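So the chains spell out like this:
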Amino acid sequence: MKISIKSMVAILLFAPILIFGADSIPTIEKNAQAIADVQNNANFIWTLLAAFLVFFMQAGFAMVETGLTRAKNAVNIMMKNLMDFAFGSLAYWLIGFGIMFGVTATGWFGTNGFLFSDFAKDGDPWLYAFWMFQVVFAATAATIVSGAMAERTKFVSYLIYSVVISALIYPVFGSWAWGSLYHGGGWLEGLGFIDFAGSTVVHSVGGWAALAGAIVLGPRIGKFTKDGKPKAIPGHSLTLAALGTFILWFGWFGFNPGSTTTANTDIALIAITTNLSAAAGTIAAMFTAWFAIGKPDGSMALNGALAGLVAITAGCANVSPLSAVIIGLIAGVLVVYSVVFIERVLKVDDPVGAVSVHAVCGAFGTLAAGVFDVGGFSWSVVGVQVLGVVAAFLWVFPAAFILFKVIDKTIGLRVTKEEELEGLDIGEHGMEAYPDFEKVS
Amino acid sequence: MKKIEAIIRPGQLEDLHGELQEAGFAGISVTEIRGYGRQKGHKEIYRGSEYNLEFVPKVKVELVCPNETVEKAIKIIINICKTGKIGDGKIFIIPIEDAIRIRTEESGESAI
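Residue numbers (the working numbering), protein chains in the order written: chain A, 1 to 441; chain B, 1 to 112.
Please note that the accuracy of each hint is not assured.
[To be verified] In the SDA-like style, the derived pairs of lysine to any residue whose C-alpha atoms are separated by at most 20 Å in a straight line are:
#1 B:K85 <-> A:L421
#2 A:K223 <-> B:C81
#3 A:K226 <-> B:K90
#4 B:K60 <-> A:T416
#5 B:K75 <-> B:Y51
#6 B:K40 <-> A:E419
#7 B:K85 <-> A:T111
#8 B:K43 <-> A:E418
Hints are computed from structural coordinates only; laboratory data are not their basis. As the structure is a prediction and not an experimental result, all values here were calculated from the model.
Required output: the full structure, derived from the provided sequences and hints.
What follows is the structure in structure tokens.
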């Protein structure tokens with residue numbers, strides 16, 4: 001039988017349907033769904049990629065902390081940083097995430113979602129991506145403290161603290177400010193508190209806990225003379241400290257832009273504000289150290305970069321690039337004077353400047369997010385920022401202080417004098433970080 | 001002239017150096033060493049195998065001084081470095097035949 005051209009065309013047109021079924025006919029609804037799926041997949045990719053960048057910041061913290069402390073304690077610093085992330089991951093999975101993002105009746109803490117209990121089979125895997133992003137933030141807050149408590153803290157005591165901050169102290173405040181990003185809702189965010197990527201939620205929380213730890217511990221042996229004058233205890237590798245700072249700067253491009261948890265064009269501006277603030281902070285700290293102390297001190301310049309990064313973290317999405325530069329410049333000056341103040345006036349020994357970089361510049365950055373808001377200056381906005389900064393201090397500092405005091409009174413927080421002089425690597429871990437090098441304390 | 005070699009705990013170098021300077025001793029040399037006398041080191045375990053840390057880190061301080069000031073130096077060292085515990089260290093006194101300052105080529109006690 002002869003088949004006409006018309007029939008041929010008809011068969012060819014409808015063959016796909018015959019072979020593949022009716023689903024292959026493009027409709028407007030199906031296209032819209034497919035486009036939404038692509039955006040959704042992009043959100044997953046961006047959020048997880050950002051989470052991996054923030055994970056890499058753990059290496060940054062490890063290098064900064066060991067570079068600015070002595071070689072005889074390097075293994076201990078590595079272990080504290082490693083276990084912060086290991087214990088933190090599990091503690092956040094078991095308890096922390098639920099408290100921070102679980103359903104809440106009060107707006108003060110969440111009550112479900114522990115061990116992913118609210119994840120139904122074939123449920124939306126966004127929970128996993130979001131959790132991955134959040135756990136690396138929690139681990140960042142936890143590891144800030146190990147720097148301030150370096151060179152004299154008992155390892156097992158530090159592990160206990162690490163679990164408690166990831167399970168309880170960090171998530172409670174986090175729920176106040178960020179709970180509604182998932183199933184929760186906080187009283188502070190309800191007031192309009194601005195902290196886009198966590199100047200307060202992560203950095204000040206870590207910083208105030210660091211201050212509490214350093215105070216309860218007391219200074220390292222040899223840090224202060226009998227008349228209370230501070231003596232320098234130089235770090236053993238400024239090269240490692242610089243490497244760590246570069247890694248942190250790099251990872252911050254996940255920390256700030258990643259906090260959109262959405263693949264859209266907002267991330268470009270956020271990357272710009274992040275970078276400009278870091279650069280400005282580095283320059284300002286270098287010049288401040290140069291004029292106030294005498295030379296362009298390498299460790300202060302490194303701290304300056306971190307100060308700029310911490311300070312822009314709250315406002316990275318709602319300030320202009322010019323404001324970001326100003327915020328960074330102020331943070332760079334602030335961190336230098338803060339380090340000197342904490343050491344000479346408060347007489348607190350903070351081996352790496354963690355309190356100055358994270359607590360002080362975190363608080364400043366949170367206020368700056370209100371002051372430099374592109375929406376315009378408003379006293380009520382700034383007022384809420386102040387409230388948030390104060391609330392963080394009033395929750396974290398006493399909680400951490402009590403925790404450290406309890407640990408101190410039960411199993412002891414600080415190592416013995418002999419062990420501190422010999423080095424924690426041998427005392428706590430039975431090994432040396434640099435067995436091939438001669439070294440002296 | 002005598003050379004005083006003092007092997008001391010590393011943590012005490014700074015205090016000792018300050019005291020010696022105040023007492024007028026012009027120059028010293030410092031070496032990082034490992035060693036032991038009665039003070040034993042540690043046995044540790046590294047990845048399942050035994051690892052000996054018998055040699056304990058110490059600092060050797062060397063200074064050359066005229067005979068009259070040797071007693072004063074020894075008193076200072078013992079004052080600063082004696083803790084009463086094993087591992088405090090040792091002091092050795094060695095006679096020096098001569099000393100020469102390279103810059104001016106002078107010799108004898110004026111060179112130290």
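Verification of the hints:
no., hint, in the structure
1, B:K85 <-> A:L421, "holds, 14 Å"
2, A:K223 <-> B:C81, "holds, 19 Å"
3, A:K226 <-> B:K90, "violated, 27 Å"
4, B:K60 <-> A:T416, "violated, 25 Å"
5, B:K75 <-> B:Y51, "violated, 38 Å"
6, B:K40 <-> A:E419, "holds, 15 Å"
7, B:K85 <-> A:T111, "violated, 56 Å"
8, B:K43 <-> A:E418, "holds, 17 Å"
When the structure is compared with the earlier hints, violations turn up for hints 3, 4, 5, 7 and for no others.
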